[in-house]
Amino acid sequence: MSEAVKKTQRSLWMDAWRRLRKNRLAMIGLGFILLLVVLALFTVAVDIVTKGTFYDEHVIKQNLRLRLQGPSAEHIFGLDEFGRDIFLRVIWAIRYSLFMGTVAIAISVVIGSFLGAIAGFYGKVTDNVIMRIMDIFLAIPSMLLALAIVAAFGTSLTNVLMAIAISYVPTFARTVRASVLTVKDQEYIEAARALGASDARIIGKYIIPNCLAPLIVQASLGVAGAILSIAGLSFLGLGIQPPTPEWGSMLSNARSYIRDGWHITVIPGLMIMLTILSLNLLGDGLRDALDPRLKN
Amino acid sequence: MKRALTVMLVLALASLSLFAMGGSDKASADAGNGYKDTISVAIGADVTSFDPHVGKETPAVAVTNHIYDTLVNVDPETDEVVPQIAESWEVVSDTEYRFHIRQGLKFHNGEDLTADDVKYSLDRAIASPAVSYIVDFIDEVVVEDDYTVLVTLDAPYAPALRNLAVPFAAIVPKDYTSANEDILRTAPVGTGPYKFQEWSQNDHTTLVANDEYYAGAPATKYIEFRVVPEAAQRTIALETGEVDLAYDPLTADKQRIEENDELKLYSAPSLTCYYLSMNMNKAPFDNKLVRQAISHAIDRQLIVDTLYMGAGQAADDLIAPAVFGYYGCGVDEYDPELSKQLLAEAGYPNGFSCSIWVNNNQERVEVCQVIQAMLGEVGIQCKLEVMEFGTFISRTTAGEHDMGYFGWVTSTKDGDYTYYSLEHSTQQGAAGNRTFVNDPEVDRLVEIGRSSTDESVRLEAYKELSIYLKDLANNANILYTEISAGAGANVEDFVLDPIGYHELQTVKVKSSR
Numbered sequence: 455m456s457e458a459v460k461k462t463q464r465s466l467w468m469d470a471w472r473r474l475r476k477n478r479l480a481m482i483g484l485g486f487i488l489l490l491v492v493l494a495l496f497t498v499a500v501d502i503v504t505k506g507t508f509y510d511e512h513v514i515k516q517n518l519r520l521r522l523q524g525p526s527a528e529h530i531f532g533l534d535e536f537g538r539d540i541f542l543r544v545i546w547a548i549r550y551s552l553f554m555g556t557v558a559i560a561i562s563v564v565i566g567s568f569l570g571a572i573a574g575f576y577g578k579v580t581d582n583v584i585m586r587i588m589d590i591f592l593a594i595p596s597m598l599l600a601l602a603i604v605a606a607f608g609t610s611l612t613n614v615l616m617a618i619a620i621s622y623v624p625t626f627a628r629t630v631r632a633s634v635l636t637v638k639d640q641e642y643i644e645a646a647r648a649l650g651a652s653d654a655r656i657i658g659k660y661i662i663p664n665c666l667a668p669l670i671v672q673a674s675l676g677v678a679g680a681i682l683s684i685a686g687l688s689f690l691g692l693g694i695q696p697p698t699p700e701w702g703s704m705l706s707n708a709r710s711y712i713r714d715g716w717h718i719t720v721i722p723g724l725m726i727m728l729t730i731l732s733l734n735l736l737g738d739g740l741r742d743a744l745d746p747r748l749k750n
Numbered sequence: 041m042k043r044a045l046t047v048m049l050v051l052a053l054a055s056l057s058l059f060a061m062g063g064s065d066k067a068s069a070d071a072g073n074g075y076k077d078t079i080s081v082a083i084g085a086d087v088t089s090f091d092p093h094v095g096k097e098t099p100a101v102a103v104t105n106h107i108y109d110t111l112v113n114v115d116p117e118t119d120e121v122v123p124q125i126a127e128s129w130e131v132v133s134d135t136e137y138r139f140h141i142r143q144g145l146k147f148h149n150g151e152d153l154t155a156d157d158v159k160y161s162l163d164r165a166i167a168s169p170a171v172s173y174i175v176d177f178i179d180e181v182v183v184e185d186d187y188t189v190l191v192t193l194d195a196p197y198a199p200a201l202r203n204l205a206v207p208f209a210a211i212v213p214k215d216y217t218s219a220n221e222d223i224l225r226t227a228p229v230g231t232g233p234y235k236f237q238e239w240s241q242n243d244h245t246t247l248v249a250n251d252e253y254y255a256g257a258p259a260t261k262y263i264e265f266r267v268v269p270e271a272a273q274r275t276i277a278l279e280t281g282e283v284d285l286a287y288d289p290l291t292a293d294k295q296r297i298e299e300n301d302e303l304k305l306y307s308a309p310s311l312t313c314y315y316l317s318m319n320m321n322k323a324p325f326d327n328k329l330v331r332q333a334i335s336h337a338i339d340r341q342l343i344v345d346t347l348y349m350g351a352g353q354a355a356d357d358l359i360a361p362a363v364f365g366y367y368g369c370g371v372d373e374y375d376p377e378l379s380k381q382l383l384a385e386a387g388y389p390n391g392f393s394c395s396i397w398v399n400n401n402q403e404r405v406e407v408c409q410v411i412q413a414m415l416g417e418v419g420i421q422c423k424l425e426v427m428e429f430g431t432f433i434s435r436t437t438a439g440e441h442d443m444g445y446f447g448w449v450t451s452t453k454d455g456d457y458t459y460y461s462l463e464h465s466t467q468q469g470a471a472g473n474r475t476f477v478n479d480p481e482v483d484r485l486v487e488i489g490r491s492s493t494d495e496s497v498r499l500e501a502y503k504e505l506s507i508y509l510k511d512l513a514n515n516a517n518i519l520y521t522e523i524s525a526g527a528g529a530n531v532e533d534f535v536l537d538p539i540g541y542h543e544l545q546t547v548k549v550k551s552s553r
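If you read the sequences in order, they're chains A and B. For our numbering, count along the first sequence from 1 and bump the result up by 454. For our numbering, count along the second sequence from 1 and bump the result up by 40.
Bound-form chain A, shown alone:
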């Protein structure tokens, strides 16, 4: 009996993967994201192996006499306003965007699903209180909320992370609550309850796993949004501080040179764009793949 259940479960995810694989755009997105992950891991490995000397010598070391030099064989993306290699800076910056985007969304997924599940499961007053608070948060544009938090608590990596995480909580709370509402009246929940399972067990073991599909879709889109927010905050000088490379701050520093060296604005901008696009394509693909109604 239990083996049969496992089998169907696995094939459900396998089904989704098979459908996703057929979606060419989503696969391109996935491929680009994987490439970024590999590059990011590679740069981390380089830093560990060279104990940061490569980073000091090539990523943040300035060479003012060569500033704004265009792309060449030696520096394929050219040099920035301080004469630093843009290619190296762009790939060294991946870790901040990807890592912070993922962590921020992971935090808000955890908090959001917890609140959403409780609200959806218990209903009535609990639901009302939690969701009205979420509504208040939703009424404030997320970027503005993040800005306000960073302005009040100061610029640091953690504050930026928290600011973005908090601003995404309501989205996840809503998503999870909606799925919980459809799941909680199903027979298998009733069966679990009849067998004497505790609320925590029912939520953790039966409800959440059945709400995962929309959550995954929302999270992959959320990471894209979070990366954009990080870049946006850094652009405004509230995110990652120099000389650490970060796409948003690279773009921001480059903007007054847009007429003197196109490459220093275009390249970080392109990286942000491609990353967001890839994540959105992947998210769209996942939505289609995980929707059981589109089985064929």
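Please note that a few of the clues may not be correct.
Derived DSS-like pairs: lysine-lysine, alpha-carbon spacing no greater than 30 Å straight-line [claimed, not checked]:
(1) K261(B) with K146(B)
(2) K146(B) with K214(B)
(3) K423(B) with K515(A)
(4) K548(B) with K146(B)
(5) K214(B) with K261(B)
(6) K423(B) with K322(B)
(7) K159(B) with K146(B)
(8) K96(B) with K304(B)
(9) K510(B) with K322(B)
(10) K214(B) with K505(A)
(11) K515(A) with K294(B)
(12) K510(B) with K423(B)
(13) K328(B) with K515(A)
(14) K159(B) with K515(A)
(15) K322(B) with K503(B)
Please keep in mind that the hints were generated in silico from the structure rather than gathered at the bench.
Following the hints, put chain B in place on chain A, whose structure we already have.
Okay, now just chain B, sitting in the frame of chain A:
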């Protein structure tokens, strides 16, 4: 609680600014004589306060300077002190100046300007923490009759007249202002060549000519100052003909303006020095060797040559060469080895960690990023913290910084203005001394320069001070900048002010370029 309040405030402000968006786009009409009736000027920042005794930042004064007059003025071309509200004056003694006020002057609201207004204004400036340092040499202002005031000094003060010519010593109407001390902030009234017409915050300020101005009506009826924070945008606005004048173009854009036949570039050495203030109340900056090490680790010429593309000069004194009292004791040579050696002698052979604070002005942030990298070469690991101007000023005033990057304009063209504010022990914090230096020898020399009326004695004191400060190294002087403005080729009679308070009452703009 305070933080929650900040969050709320930021949100409230942000939502307000959404409503405030969308600017005015008044096309400038031909006045009928082949000249435009409006001069459009792109400036980098909005007026913080139209109250001349409060809003002392250069972009604010560049606007309010047209609304207010001072007792005397300094001619930007000849550099002589010339009459303005006072039509003449006598130096009664070293500590007494008698001013004869021009008769028949009227404020923009119709009130007559009398000696009472002068006394009220100077007393008000002395009481204002923002500008007090410019007039606090005054002991008392005595009204002798309706059109005569006697200004008495605590002690002889050589640059007195030049200080009274600084726009923060503006004369304001007593009855109008004393009825509501805040009114000048948004509804300024003065005696200047232009009257205030309209202010749309963060967008533009419009002034209209005061046809009854004592020196004759201004050449152009309106001036519109548009706030364009992004320097590259100011140049673009100038190129497209949207504005007639663009203040402070980017270094990279200056060449572009020069090469454009439809545009003119005005450029001159400024009176501004940029410097890195080290907080002597904090270790390790209380150690002279550490401060010297920092100064020797900075390649100033490289910064000038690259970031500024040669438009500037590596600094040796805290005052620019055009300022009275400049001695020029030689730029601290760039010598990382010497720097490391000094650090080792000071007990920091492996360097140390600290932070550099700077306000969020891109040019300044870039210089600091370069300094950060240069200090890194000798083992000093700096964290660069970029903050909003208000925060930067209040936190450095409180002495929370390790090092801060500042700029200072010697508005009076007299060394005392800078040396007294930045180096005297009584001027710590808000007034400008953010190294918190408290050195009897420095104080002694500053005081000689301040109180002696003998030019050669003053120059000698400033020479000694310059040499002494080079060794003390509480400030690492970085560079002197150029002041510049771009103009359309159709702009006539524009005179660049080395401080940045460009006066536009004589400027005319031809209708076509």
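Evaluation of the provided hints:
Restraint check: the Cα-Cα separation between K261(B) and K146(B) comes to about 19 Å, which is no more than 30 Å; the hinted pair holds. Distance restraint check for K146(B) and K214(B): the Cα-Cα separation of roughly 12 Å lies within the 30 Å cut-off, and the hinted pair is therefore satisfied. This hinted pair checks out: K423(B) and K515(A) have alpha carbons roughly 15 Å apart, not beyond 30 Å. With a C-alpha separation of about 25 Å, the suggested pair K548(B) and K146(B) falls inside the 30 Å cut-off, and the hint holds.
With a C-alpha separation of about 27 Å, the suggested pair K214(B) and K261(B) falls inside the 30 Å cut-off, and the hint holds. Between the alpha carbons of K423(B) and K322(B) the distance comes to roughly 16 Å, so the proposed pair stays at or under 30 Å and holds. Pair hint K159(B) plus K146(B) holds up; C-alpha atoms about 16 Å apart against a cutoff of 30 Å. A threshold of 30 Å between alpha carbons decides the hint, and for K96(B) with K304(B) the separation of about 28 Å falls inside it, so the pair holds.
At roughly 20 Å between alpha-carbon atoms, K510(B) and K322(B) fall within 30 Å of each other, so this suggested pair holds. Straight-line distance between C-alpha atoms of K214(B) and K505(A) comes to about 68 Å, which puts the hinted pair past the 30 Å bound. Proximity of K515(A) to K294(B) is assessed by CA-CA distance (about 28 Å); at most 30 Å being required, the pair is judged to hold. Proximity of K510(B) to K423(B) is assessed by CA-CA distance (about 25 Å); at most 30 Å being required, the pair is judged to hold.
For the suggested pair K328(B) and K515(A), the alpha carbons sit about 28 Å apart, so the restraint of at most 30 Å is met. Taken as a hint, the K159(B) and K515(A) pair is broken in the structure, with Cα atoms around 58 Å apart against an allowance of 30 Å. For a cut-off of 30 Å, the pair hint linking K322(B) to K503(B) stands: about 28 Å separates their Cα positions.
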